[in-house]
Amino acid sequence: MDLIAAGLVGALRKIAELDPDVVEAASASLVVTGSATALSIVAGVPLGVVLGLTRFPGRTFTLSVTNTGMGLPPVVVGLFVAVAIWRSGPFGQLDWYCTRQAMVVAQFILAFPTVVGLTAIAIQGIDPMLRLQVRALGATSLQTAWILVSEAKLLILTAAMAGFGAVISEIGASLMTGCNIKGDTRILTTAIALETSKGEFATAFALGFILLALIFAVNAVTTWAQQRQRPA
Amino acid sequence: MTLLEAHGLAVARGGQVVVSVDRLTLEAGETLVLLGPNGAGKTSLLLALASLLPIRGVLRWRGAPVRDELAYRRRIAVVFQRPLLLDRTVRENAALGLALRGVAASERARRSEEMLTRLGVSHLASRPARQLSGGEAQRVSIARALAVDPEILFLDEPFAALDAPTREALVADLAQVLREKRVGTVLVTHDREEALSLGDRIAVIMRGRVRQTDTADAVFSMPADPEVAAFVGVENVLPARVVSVTDELTTLRIGDRTLEVTAVPPAGDDFPLLCVRPDDIVIARGDGASSARNVLASRVVRLEPIGRTVRVILDSGFPLVAHVTVRSAREMDLAPGQEVTASFKATVPHLLPRHRATRIDS
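Sequence order for the protein chains is A and B. The opening position of the first sequence corresponds to residue 1 in our numbering, with each subsequent residue numbered one higher. The opening position of the second sequence corresponds to residue 233 in our numbering, with each subsequent residue numbered one higher.
There's no promise every hint is true.
From the structure, some residues in chain A lie toward chain B, with a derived Cβ separation under 8 Å [said to hold, decoys possible]: (1) 130; (2) 132; (3) 143; (4) 151.
Each pair of labels, with its calculated beta carbon distance range [as the list claims (entries may be wrong)]: (5) A:153 to B:337: 45 to 55 Å; (6) A:129 to B:337: 27 to 37 Å; (7) B:339 to A:142: 43 to 53 Å.
Here are some chain B residues pointing at chain A (derived, C-beta under 10 Å) [stated by the list, open to error]: (8) 233; (9) 305; (10) 307; (11) 308; (12) 309; (13) 312; (14) 317; (15) 318; (16) 320; (17) 323; (18) 386; (19) 404; (20) 521; (21) 522; (22) 525.
Don't read these hints as lab results, they were simulated from the structure. Backbone N, C-alpha and C define an ideal beta-carbon position, used for all residues, glycine too.
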């Protein structure tokens, strides 16, 4: 118990003093995970809308692949990305191994299926009669899609947050593609693992608190947005 | 002037043709009611006419085939059974059709406000649409449709989900707006009262086919076949035999009773069906002396109260159904087994050919 208490007190001190290692890891986490999530939203929401709105041969297979993608093991993704950008790999000339770009790619692959799948479910969940009504009002296909996205915005926000949640806590893919370089590719999860292995529990706790605070903040914003929309 | 014309129109669902119409027209300024029982294909026909369903056949707009579906849909408006409002304010919902057409914001505000006022919901303009009651929401939905100033308004049972007082008020308001704007309207309903109060013409739909198209009066007084007759409330459809036909009257026999009617029997049919609405039969105690040509000694078999009226099932030598008010039933002290007279004028009945099951409108 003394060990835990000492760790917690030390963690609070490091947070209060804005310990450079802690700040660097937190900001790297925000940049990498924020970029991966943003990219997965930009690419995943339109694809999810298309999957939710259209019927075409192979759609069910595509959705199955997407749903499978939601459960991708991060270390396997990390392995494939690492091999792809390895010096002798197919994208070796990019020279991205052990960079934040590599981490963003790996996290994007992890978040993308979640955003696509949950967006498709959100769009499919909209009353088909509402879609018919929008068309009947004279909407083009693009206008119809935009209005339906707007109607499903809370669920799509949830999809985006689920994508964020899928990668903010992962460690395997980031460690294997970013190499945990201090001040550069060291993010909260890889830093926690490292500090714990060194017995630096105060730093590990501090990083853990910040990670939890980040996840809580994101969920709090989502919940607030959802509750704001509830009828009085 | 004909606004809309459907030729050889067919709608298929799941590989099965659910609607097949040889020809149907909508004239400028008229309200055409698609009347029929649940599952008859009324909504599918409406969606087909609104170009919201894939169809076979030809849809003509002011004489020209509809090729640009989007352009056509921007000339019409559709109101469904449920209001289907977006998760936005009432004002934004009312202006949505205008926004989709690229109408300037100031014009959108003016026209949507005008329609919200006409429908009596302008005081709700700032409210979230999802917080409205069913009646309010349907008023907003109708305001949204009328705000685009449609050349045709399609209404798919817009009052069906409303309680009676709300429905009556909304029907009255809508009837007034339609009269003022003279917008061509297609109304789907299974409610005969709605059809009578709003329709200029009625197309009776059964099993995906238009069985009769005529003025509201004609459909209700001269149904085209027994099935239509039953649906429009002509409960007495009686097999008769023609005894004689003169310039003035047709004499018929039903069982051992002789009846006289002014209707001419269908050509070559000596065994027509005699149709009499229950509301047209007068019941009296005693000898029932009256000027009516048909006075039938009858016996009350059963009484069935229906709201403000009582359905009286009689044995007049053949089964006959009449409607009387609750007060009349009470004053005559009607009861099963009682002897009464049932009478109706010779001008009342309508004769249908017995061997032609349907008349497909052309």
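Evaluation of the provided hints:
1. Interface restraint check: residue 130 of chain A against chain B, minimum CB-CB distance 5 Å, threshold 8 Å, status holds.
2. Because the smallest distance between the Cβ of residue 132 of chain A and any Cβ of chain B comes to about 6 Å, under 8 Å, the interface hint for this residue holds.
3. A hinted interface residue such as residue 143 of chain A counts as satisfied when its beta carbon comes closer than 8 Å to some beta carbon of chain B; here the least separation is about 6 Å, so the hint holds.
4. Hint on residue 151 of chain A holds. Least Cβ distance to chain B is approximately 6 Å, under the 8 Å limit.
5. The given range of 45 to 55 Å is broken by residue 153 of chain A and residue 337 of chain B, whose C-beta atoms sit roughly 22 Å from each other.
6. Residue 129 of chain A and residue 337 of chain B have their C-beta atoms about 28 Å apart, which keeps the hinted 27 to 37 Å range intact.
7. The beta-carbon spacing between residue 339 of chain B and residue 142 of chain A, approximately 23 Å, falls outside the hinted interval of 43 to 53 Å.
8. A hinted interface residue such as residue 233 of chain B counts as satisfied when its beta carbon comes closer than 10 Å to some beta carbon of chain A; here the least separation is about 23 Å, so the hint is violated.
9. Restraint check, residue 305 of chain B versus chain A: the minimum CB separation of about 5 Å is within 10 Å; hint holds.
10. Against a cut-off of 10 Å between C-beta atoms, the interface hint on residue 307 of chain B holds, since the closest Cβ of chain A lies about 9 Å away.
11. Taking 10 Å as the C-beta contact cut-off toward chain A, the hint placing residue 308 of chain B at the interface holds, the least distance being around 8 Å.
12. With a least beta-carbon distance of about 7 Å to chain A, the hint placing residue 309 of chain B at the interface is held under the 10 Å criterion.
13. Proximity of residue 312 of chain B to chain A holds as hinted, the smallest CB-CB distance being about 6 Å (cut-off 10 Å).
14. The closest approach between the C-beta of residue 317 of chain B and any C-beta of chain A is roughly 9 Å, which is under the 10 Å cut-off, so the hint is satisfied.
15. For residue 318 of chain B, the shortest C-beta to C-beta distance to chain A is roughly 6 Å, which falls under 10 Å, so the interface hint holds.
16. Interface hint at residue 320 of chain B: satisfied, since its Cβ lies 8 Å from the closest Cβ of chain A, which is below the 10 Å cut-off.
17. Violation of the interface hint for residue 323 of chain B is found here, the shortest Cβ-Cβ separation to chain A being roughly 15 Å, above the 10 Å cut-off.
18. The interface hint given for residue 386 of chain B holds, since its Cβ lies 8 Å from the closest Cβ of chain A, which is under the 10 Å cut-off.
19. Interface hint at residue 404 of chain B: violated, since its Cβ lies 25 Å from the closest Cβ of chain A, which is beyond the 10 Å cut-off.
20. Here the hint on residue 521 of chain B is broken, as its CB sits about 59 Å from the closest CB of chain A, past 10 Å.
21. With a least beta-carbon distance of about 54 Å to chain A, the hint placing residue 522 of chain B at the interface is violated under the 10 Å criterion.
22. For residue 525 of chain B, the interface hint is violated, the least distance from its beta-carbon to any beta-carbon of chain A being 52 Å, above 10 Å.
When each numbered hint is compared with the structure, violations occur for hints 5, 7, 8, 17, 19, 20, 21 and 22.
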